[in-house]
Amino acid sequence: MAPRLKLFAPLLLFAVLALFLFRGLELDPQALPSALIDRPLPEFTLPGLGEERDITRGDLLGEAALLNVWATWCVSCRVEHPYLKQLAERGVVIYGINYKDEDADALRWLQELGDPYRANVVDRDGTLGIDLGVYGAPETYLVDAQGIIRYRHVGVVDERVWQTILQPLYQELEPGGGG
Amino acid sequence: MSKLWCALLLLACVATGPALAVIETYEFSSPELEERYQQLSAELRCPKCQNQNIADSNAPISKDLRRLLHQQLEAGASDAEILDYMVARYGEFVRYRPSFTGATAALWVAPVLLLGAAILVALLVLRSRRGERTGSSADLSADEEAQLQTMLHKTERDS
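One line per chain: the protein sequences are A and B, in this order.
The first sequence begins at 1 in our numbering and counts up by one.
The second sequence begins at 1 in our numbering and counts up by one.
Just so you know, the hints here were simulated from the structure itself, not pulled from any lab data.
Heads up, the beta-carbon is just placed ideally off N, CA and C, and yes, glycines get one too.
Be aware that one or more of the hints could be misleading.
Here are the in silico distance ranges between beta carbons for each label pair [as the list claims (entries may be wrong)]: (1) B/T104 / A/E26: 31 to 41 Å; (2) B/E34 / A/G114: 29 to 39 Å; (3) B/E34 / A/E26: 17 to 27 Å; (4) A/L12 / B/T25: 35 to 45 Å; (5) A/P33 / B/Q71: 40 to 50 Å; (6) B/L120 / A/P168: 38 to 48 Å; (7) B/K154 / A/F8: 36 to 46 Å; (8) B/N51 / A/T164: 24 to 34 Å; (9) A/L11 / B/V125: 43 to 53 Å; (10) B/E81 / A/G114: 19 to 29 Å; (11) B/S29 / A/T56: 54 to 64 Å; (12) A/L13 / B/T25: 45 to 55 Å; (13) A/D125 / B/S29: 20 to 30 Å.
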């Protein structure tokens with residue numbers, strides 16, 4: 001019997017390999033796990049976009065919010081922008097981090113395309129970006145009312161991402177919010 | 001003549017390669033710091049481009065990380081402090097030689113285990129083959145031996 005069973009070894013190997021390869025189809029090698037999940041948002045004091053005052057970490061707390069890293073040089077951010085406006089209209093709190101950008105360009109962008117952000121932090125040198133582990137735009141962090149980072153999404157936030165990933169987490173933190 | 005042009009074109013390609021690779025240069029207060037800079041920038045992985053270290057990558061994030069590395073070295077940070085700083089922000093992914101933790105154990109242990117398993121299988125297969133060879137010729141009974149001989153003679157005659 002044993003030699004007979006041995007004949008099935010290649011089939012078994014193939015099945016295992018196929019399983020791993022199939023799983024691999026769905027994995028995005030570009031998506032890295034964030035090192036900051038369940039860690040507090042880093043401290044910062046940076047100028048506000050189009051504002052006289054500085055924005056600090058404390059200004060973003062109090063409500064669960066999305067923290068969206070964007071820039072005018074980022075093509076995907078333009079794709080994402082209309083959806084962020086929809087979310088803002090539904091009452092989701094969104095703060096922006098204008099990442100390595102020119103203030104004038106960023107202000108023009110908001111004027112032309114609309115402004116979904118409650119406030120924008122100007123991170124001209126990318127220092128806050130490095131503290132957050134940002135490696136490209138757009139990236140979106142879900143931060144709870146106490147300033148703990150709950151989730152990081154790399155890439156465009158669209159209907160699918162919001163409904164399958166972000167919304168359930170957001171509603172857990174902010175019941176009834178962002179319906 | 002066209003050969004000469006080809007040669008010149010090739011030469012141009014070869015000559016400009018290193019010039020493109022140079023990204024930016026930093027002034028170091030000591031050669032020892034510069035050496036550590038080279039080592040660390042070769043060991044830190046670019047989070048954006050993934051299969052390059054930050055020394056070779058010209059992605060904006062790598063440029064930022066090189067600047068940060070330079071600043072921290074000049075400020076007197078130790079290698080361990082710098083690596084911890086990077087790992088705290090970008091995860092173990094950012095190191096080409098991740099530290100041994102629960103999450104990275106499989107990375108470090110798997111090659112050794114796989115090699116061990118391969119050697120074990122090879123030994124088992126070799127042993128069983130040797131067993132077959134010695135066993136089969138020695139274990140023939142007199143009848144079987146006679147049968148074998150007639151068969152061999154038969155094939156000799158046929159050919």
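Tested hints:
Evaluation of the 31 to 41 Å hint for B/T104 and A/E26 yields a failure: the beta carbon distance comes to about 23 Å. Against the hinted window of 29 to 39 Å, the Cβ-Cβ separation of B/E34 and A/G114 comes to about 49 Å, which falls outside the hint. At about 44 Å, the beta-carbon gap between B/E34 and A/E26 misses the expected band of 17 to 27 Å. Distance hint check: the CB atoms of A/L12 and B/T25 are about 56 Å apart, inconsistent with the given range 35 to 45 Å.
Between A/P33 and B/Q71 the beta carbons are some 27 Å apart, a value that contradicts the proposed interval 40 to 50 Å. Separated by about 47 Å at the C-beta atoms, B/L120 and A/P168 satisfy the suggested range of 38 to 48 Å. The beta-carbon spacing between B/K154 and A/F8, approximately 38 Å, falls within the hinted interval of 36 to 46 Å. Taking the beta carbon of each, B/N51 and A/T164 are about 29 Å apart, inside 24 to 34 Å as hinted.
Distance hint for A/L11 and B/V125: a CB-CB separation of about 20 Å, inconsistent with the stated range 43 to 53 Å. Checking the proposed 19 to 29 Å range against B/E81 and A/G114 shows it is violated: the Cβ atoms sit about 44 Å from each other. At roughly 34 Å, the beta carbons of B/S29 and A/T56 sit outside the given window of 54 to 64 Å. The supplied range of 45 to 55 Å is met by A/L13 and B/T25, whose beta-carbon atoms lie about 51 Å from each other.
Roughly 23 Å separates the CB atoms of A/D125 and B/S29, a value that falls within the hinted 20 to 30 Å.
Checked against the numbered hints given earlier, the structure breaks hints 1, 2, 3, 4, 5, 9, 10 and 11 and satisfies all the rest.
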